[in-house]
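Use these hints to put chain B onto chain A, whose structure you have.
Same order as they appear, the protein sequences are chains A and B.
205 is the number that numbering that gives the first Met the number 0 gives to position 206 of the first sequence; each next residue is one higher, with no gaps.
18 is the number that numbering that gives the first Met the number 0 gives to position 19 of the second sequence; each next residue is one higher, with no gaps.
Think of the hints as simulated: they come from the structure by calculation, not from any bench.
Nothing here was measured: the structure is a model prediction, and the numbers come from that model.
Hints may be right or wrong, so weigh each one.
Claimed, not checked - Derived pair list, reagent style DSSO-like, types lysine-lysine, alpha-carbon separation capped at 30 Å:
no.	chain 1	residue 1	chain 2	residue 2
1	A	4	A	210
2	B	60	A	4
3	B	91	B	76
4	A	334	A	368
5	A	312	A	43
6	B	76	A	4
7	A	2	A	209
8	A	312	B	14
9	A	312	A	64
10	A	276	B	11
11	B	13	A	125
12	A	334	A	347
13	A	125	B	14
14	A	125	B	11
15	A	56	B	92
16	B	13	A	276
17	A	60	A	334
18	B	13	A	64
19	A	125	B	5
20	A	186	A	210
Said to hold, decoys possible - Selected chain B positions facing chain A (in silico; Cβ < 7 Å):
no.	residue
21	8
22	9
23	10
24	15
25	17
26	22
27	66
28	83
29	93
30	94
Ideal Cβ placement from N, Cα and C applies to all residues, glycine included.
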Amino acid sequence: MSKQKHTMQPQPSHDESVRQDFVTDLRAYLTDEIYSLITPHYEKNIEPEFFQTNDRKPIDKSEVKTLMHNDKGYQSWSLLQRLSQQMMFTSVIDTVERNLDSMIDNLDKHQTTGSLEIDHSLRIPKYLTAYDIHQQPGGYHSESIENDISAGAVYDISLPIYSRNAMGEENDLLAQAIICYIDEHLKNIEPNHILDMGCGIGNSTLPFSKKYPNARVFGVDVAVPCLRYAHARANALGVEAHFSQQNVEKTSYESESFGLVTSTLLLHETSHDAVPKIINECFRLLEPGGWMIHLDVYPFHKKEDNPLYDFLKDWEVINNNENFSGALRNMNMRKIIQDAGFSDETIKFTSAEAAAKYSKGYTGDFYLKLPVYLAQKPTNS
Amino acid sequence: MSKKIKLPRVAKGKKPRYLDDGSIDNLMAMIMTLTQEISVLRDRIDTFEQILEDKNVISEKEFDEFIPSDDLETTRKNRRHQLLERVLLPIKKDLE
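Pulled out of the complex, with its shape left as it was, chain A reads as follows (with noise of 0.2 Å):
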């Protein structure tokens, strides 16, 4: 099968290829064959060990990362997770960089319909600068060329790598699952114009296009090389979206512009100070009676009782660079959320599920199931 899902997207070489499919496999590997052994080992051997010194199991995720991280067998699949992370990076970056002037060149044909923005004077925000989150090399927003569109490219093909092709053939599962959790739970809505908040290479934007085709569906983001790629990207699959440069926290459109605000890992990639500024803007920007729906990895609902699973959830915070999905856990998301003006009986904290039959390519189960917290503006406010 071709990988190759779209014009904007560039053919690997025959080794391009089999070397991100090798990652692809490992990464599966890693997942089903060595991961799966942890919590039986930690059962089995580390916490009987800990139990004959003091008497007790280890109470917190603190106890357990000190017994863990002394542990070769752990220590030996943290760092090959890692490293098959950077192996889908480099894999992929030989590709988008041999092709990457021939991509550029290829924007021209692809700007027939929607629109993009670009706002030069933007700073980014210090959360997305400091490290590269998920270490994909030079983060989200950085360049390297002009017109460079390299970092979305460079996303749009790991995807499938990292999810085990699991997000279907347009990396669009996440939204699918909003969009089947609004079918079930919030069957009237009917949109006129909605934003999907942080919204990268527009993945999680362009289904929203298609559910409701009389709205205007509007993206923004920080990252310049993803919206002109998102944009390229919309125009090569043939649908309409309008993007363009802004953050999240503090928008350019006018109050109550918007019947639905959604995204997509967002949240987790920003900020103690950030989060309360973005559902604030949620409620600014919607329509009285409007939704904002965000979906992210963890739940908040749920307290964890467990200090190693505890423990596990923490990998991606100490290993791939993203160093506020752990604290975010911690915030008090409720509270925020009424204290933005959001109808407090309408404040759900629940998961979402996407269906086969709403898109086309899903072969696993990785991400069939998230989190997502939403709220409704009141119709009187």
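Below, chain B alone, put in the same frame as chain A:
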């Protein structure tokens, strides 16, 4: 148009430390097994290409533009799983 771009290949951020001397043994075993497998593969491909070239059946371009069928992709996936099984055996043993 040829601008000779070089994209970054190393991510900015803290680098955690993982291994003590005990694990280096495993690492060395893995690297050597991998090297052996790569050497076997390289020699096999070399033989293959040489025979095909001698018989005038295939060009280098055809190799690079080849897209495998779904069946071949499954065969390869299984083969890679077996390769990883052999290479990562020492790590599995540590977790038993």
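Consistency of the hints with the structure:
no., hint, result
1, 4/A <-> 210/A, "holds (21 Å)"
2, 60/B <-> 4/A, "holds (22 Å)"
3, 91/B <-> 76/B, "holds (20 Å)"
4, 334/A <-> 368/A, "holds (25 Å)"
5, 312/A <-> 43/A, "holds (20 Å)"
6, 76/B <-> 4/A, "holds (20 Å)"
7, 2/A <-> 209/A, "holds (23 Å)"
8, 312/A <-> 14/B, "holds (19 Å)"
9, 312/A <-> 64/A, "holds (11 Å)"
10, 276/A <-> 11/B, "holds (26 Å)"
11, 13/B <-> 125/A, "holds (16 Å)"
12, 334/A <-> 347/A, "holds (12 Å)"
13, 125/A <-> 14/B, "holds (19 Å)"
14, 125/A <-> 11/B, "holds (13 Å)"
15, 56/A <-> 92/B, "holds (24 Å)"
16, 13/B <-> 276/A, "holds (28 Å)"
17, 60/A <-> 334/A, "holds (25 Å)"
18, 13/B <-> 64/A, "holds (17 Å)"
19, 125/A <-> 5/B, "holds (25 Å)"
20, 186/A <-> 210/A, "holds (13 Å)"
21, 8, "holds (5 Å)"
22, 9, "holds (6 Å)"
23, 10, "holds (4 Å)"
24, 15, "holds (6 Å)"
25, 17, "holds (4 Å)"
26, 22, "holds (4 Å)"
27, 66, "holds (5 Å)"
28, 83, "holds (4 Å)"
29, 93, "holds (4 Å)"
30, 94, "holds (4 Å)"
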